[in-house]
Amino acid sequence: MKFNTIIENISLEMKFSDSINQHLINNNDNVEIDCIQLSINAYSLLLNGKSHILTINKQIDGYDVTVDHHTYLVQVQDEVDVLLEKFGMQGNTSSHAGEIHALIPGLVSRLFVKPGDRVENGQGLLILEAMKMENEIDSPISGVVGKIYIKAGDKVEKGELIMEINN
Amino acid sequence: MKFNTIIENISLEMKFSDSINQHLINNNDNVEIDCIQLSINAYSLLLNGKSHILTINKQIDGYDVTVDHHTYLVQVQDEVDVLLEKFGMQGNTSSHAGEIHALIPGLVSRLFVKPGDRVENGQGLLILEAMKMENEIDSPISGVVGKIYIKAGDKVEKGELIMEINN
Amino acid sequence: MFCKILIANRGEIAVRIIRTCREMGIQTVAIYSEPDRTSPHVLIADEAYCVGSAPSSESYLNVQKILEIIQMCDADAVHPGYGFLSENCNFAEAVQKTGTAWIGPSTKTIMTMGDKMAARKLVLKTGAPVVPGTTEPITSIKDAGETADKIGYPILIKAAGGGGGKGMRIIRMENELENAMEQARSEAKKAFADDRIYIEKYLEEPHHIEIQVFADNHRNVVSLGERECSIQRRYQKIIEETPSPFIDDKLRKELSKIAVDITKSCKYLGAGTVEFLVDKYNNFYFLEMNTRLQVEHPITEMVTGIDLVKEQICVAAGEKLSFTQKDVTPSGHAIECRIYAENGFNNFAPSTGKITEVTFPHGLGVRMDEGIRVGQEITPYYDPLLGKLITWGNDRQTSLQRMIRALGEFNIAGIETSIPFCLMIFQHKSFQEGKYSTHTLDTIKNELQKEVPIQNEEHILAARIGAIQSHHQLKPELIPRGNHQQKTSWASAGRKDELR
Amino acid sequence: MFCKILIANRGEIAVRIIRTCREMGIQTVAIYSEPDRTSPHVLIADEAYCVGSAPSSESYLNVQKILEIIQMCDADAVHPGYGFLSENCNFAEAVQKTGTAWIGPSTKTIMTMGDKMAARKLVLKTGAPVVPGTTEPITSIKDAGETADKIGYPILIKAAGGGGGKGMRIIRMENELENAMEQARSEAKKAFADDRIYIEKYLEEPHHIEIQVFADNHRNVVSLGERECSIQRRYQKIIEETPSPFIDDKLRKELSKIAVDITKSCKYLGAGTVEFLVDKYNNFYFLEMNTRLQVEHPITEMVTGIDLVKEQICVAAGEKLSFTQKDVTPSGHAIECRIYAENGFNNFAPSTGKITEVTFPHGLGVRMDEGIRVGQEITPYYDPLLGKLITWGNDRQTSLQRMIRALGEFNIAGIETSIPFCLMIFQHKSFQEGKYSTHTLDTIKNELQKEVPIQNEEHILAARIGAIQSHHQLKPELIPRGNHQQKTSWASAGRKDELR
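Residue numbers (numbering that gives the first Met the number 0), protein chains in the order written: chain A, 0 to 166; chain B, 0 to 166; chain C, 0 to 499; chain D, 0 to 499.
No wet-lab data here; the hints were simulated from the structure.
No false leads were mixed into what you were given.
Calculated pairs, PhoX-like style, for lysine-lysine (alpha carbon to alpha carbon, straight line, at most 25 angstroms):
(1) A/LYS131 - C/LYS444
(2) B/LYS131 - D/LYS64
(3) C/LYS64 - B/LYS49
(4) D/LYS188 - B/LYS150
(5) D/LYS189 - B/LYS113
Some chain C residues well away from chain D (every beta-carbon gap over 10 angstroms; in silico):
(6) GLN26
(7) LEU123
(8) ILE140
(9) LEU155
(10) GLY433
Given the structure is predicted, the values throughout are model-derived calculations rather than measurements.
No residue lacks a Cβ here, since even glycine has one placed at the ideal position from N, Cα and C.
Sequences are here, hints too, so could you generate the full structure?
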């Protein structure tokens, strides 16, 4: 089976020689690879004799793979995906950069903006209290504040939509 | 739901007050019990405020429960079992004490007996090599050696039937 | 000696205290909030009682409920740990009124040292230098301006009622004064219910150096040497070491002597810490005294071989210290790295979730003081400290190399931690050479945060293979593409927590 | 200094060595047999190569294959650990012929000390006492009888070619002699391919006490003090401590001096251990010298602060020892408990299976040297040593209480371990009082094995509840009753392994 992997926009095609045992062939240099699962999200990899432990967490847009405490976002496409992409049928690529979500659950202790405010990239939008810390959430883009879904004093859950910034 | 537990031939009937949360009622003294699962075979139990960690391993004849490094074999019967037992319909109770099984995988390095030999309780039957140790397996009963399923030099798997002793 | 001690705390420090109690043959009682039911301190204690719901105010700060549990379980002493109620003199007093011993200094000492201005006054009487500034709360802009002119800009505005960077402002020019004072006062009021603020000189490249002291009821007061705590983020220590690579023996002795004098002056009992700021010219100033065990106490234990919690318990029970000043002969070098549930590369954004896997580092010279277990949920309700990794070595180089080795082995899956960020601090030139002040982390932070993953061909290949393997095992649904994960930037605005 | 070291071993000692190499900035190469692919030493090493199939003879003892890997990966030194090929002079010689350094003494030293009778002769020349007995192999019953009459019954018959209790027989009366000699010779031949046997006096209540020595190529030979190793099962150490609660300072100095003399007499290099038997009248006798690192080396590290593996590597690279005799000032007390995959209550029957869960103990004074991880399969192919728990304390009482505390926290699920049995040894009067000899464990073993579970009402109730809860969660099939698990009794017949 063929796979295409993308790290920081660099794409590389690789294929399995055998899907049953743990050996892969990287079709560039035909190295033999020994990759074995240790637990739900950890793998041991022997690559040219070098021993690596990988921890892998699925993200919505790929996999966060940590190798020796360095984390890479890797996107994986299998043969079917590649085929679809060739025919221009890849998924929705519109970005939602203007949606501000809560990355952790917490308490909205202060809100600095209201709908219609002009905000700059990096400007503070609100303070979210969690783990005894007050965390300022800054705008990732410049734009105008759209709908705000919370108010000061609200508890928010992880991933909850807080507000929209339109640019 | 009612359960009957047996430890060392002492039986005690207990019932759940609520099967959804972790609280039980012991119907002898009506204590409230907080038991919560930590992992596949570990539980945290708060009993009259005392904190215990239990590890539980299912055995063919019950559960090995370890509390503070003391292990108890506990047999559990639920209402259906108790009912069946009342009508004399419990399972097969014949003992297979004369069957010698390998408790771990290993190599039969020496065999001391042959079919027809008279052996005493505690007499050595064979040597099983495992983990760089030679382990003498003794007869658990006095009797006469029946069928022997292995020979010196054989590898045996865990649980494999090695020989029979008839008394 | 006590028969049963209630630990009015949670997390790694509760576990730490329970371990010593067990070694002393003393029964332990844990208290826990609802989400902490399966936390390690509950599992390891002899007894455990629920003290309320998730928010600290409903549980670990719930004085009334804790007092009820103390009475109910018949504990004969209370150990408060650090944070929470450890420096709350009302709690200390209430505990003692129930006839239960308080493992800590007298209510009066807690009160005096808890009020920063009262502490400054007391210390000035002993002749020790304090950071130039006011000894009375500043209320008017005019007074503030005059003081600032006298001691010279830059200055610091600080809250009288508490620490942790809360209510703290650096002022470099006169025109910033009014606005900053107002902000500081409102922040202080919110955090400590006390809007008094005071002014201090802002020091250049200061080192945060503290002396561990110990006193019993038999007139023994001993210094256990210093800890260098200048690696800080959000005004909170993250890495500590002893001995300090900065100060020399002469200054070490001088600070110890002053710390002992201050300890004597307030009729201290138990473990205490006298904090100093030392500037780059070796000028030093008293900062504050913490009247409880410190998060970083293990590094002192590693070089002295003394169990500080055991000594706390013994002196609280009226015994003599097991050592005198001349028995204290520190040996080797120790470093502590605090392990937080936060992403150092994303401005220390806190991280919550379920811990799915842990590999703790072990071996010669490695100590773990942990407060977590596999399967545990890290909630947003409490301090993000997961545990502390401490290494000891014959010399600084050995303990540092050991720390790097141990952090490399350390893996916590399911949440983000400060481990990768701390690894980079330890590998940074300024730490390697032992040349850093409290300002250093701020200076190198951006450098570390911007650090792109090393473009190591093999790492990248490994990552690709891992991702494919994982993808393959999941036999996944088609992955939605283009739906990029939102990367919000986090900025810190200080801590609500007490200084530790 | 070396750039890359190959560790010709597995398990906890391979992990131990890799940790020190990493701290020294040296690359590490692991070798592994097929079932060890996901063992910790493979995961933690920089490089790892498969050396063959499961049986040791096909993998960890496969000299040819290991030499190929050494060449292929370009290692510049080999650390053999203990056991396996660590005392195999052919391997040591072959390694050095490839131009690779051997971390250990010279081939000649290994050969001399590996031959027990050659060692006895050498030591007799230094004037040190050896256990009364023969210096030549005994072949006839007549010679044996005469020797026995001369030194007096009871006597011991031992194999010249190896240790570990293999080929060893205690003879209390003359009429047992013939039969025992025959058995011992056949056992020795099978185990060591060498049927030479010799006779030694059997001592009353002997203590096994060993001295850690260290030598460099610069004429420095240093004693690092003693280890008390009298708690043994199957003639193998299971618990060790330092200092010994039995010997006094005078004897300590005397043994150290003799150990240093013996070390000098064989032009030693690196870490070695001189083993003595000390009887209840303080008579002592040289037993043997082990020319490699000892399993129990960590307790010496804990009291001296010296990393023995680091020193081994340094002196193998031609450097001087980092310490002299006067720098060695042991402090405090350390105890090691070996954690075996075996059931102490069932005559140490080995246990195999998958490790489903591990909780390691931590905190002040606790060191883990582990060779296992969650998810690992414990196979029947190798030594059952899972790891070692070491505790340090200011005094014996503290380190002992700490050991009991730590063992109490220690949980390994999925296989049986020696933890509960060792807990009972530590709690037994004879260990608590430090009054034990090599015969003590045999004496108290039956007492401990017969120990019925404490009839603690609460424990029993807890067990019942746990079982119900588990039963309930499994929503189980009807449990087959009456099909009682077979409890076969196991009897030991000695170990094939080398003495450690």
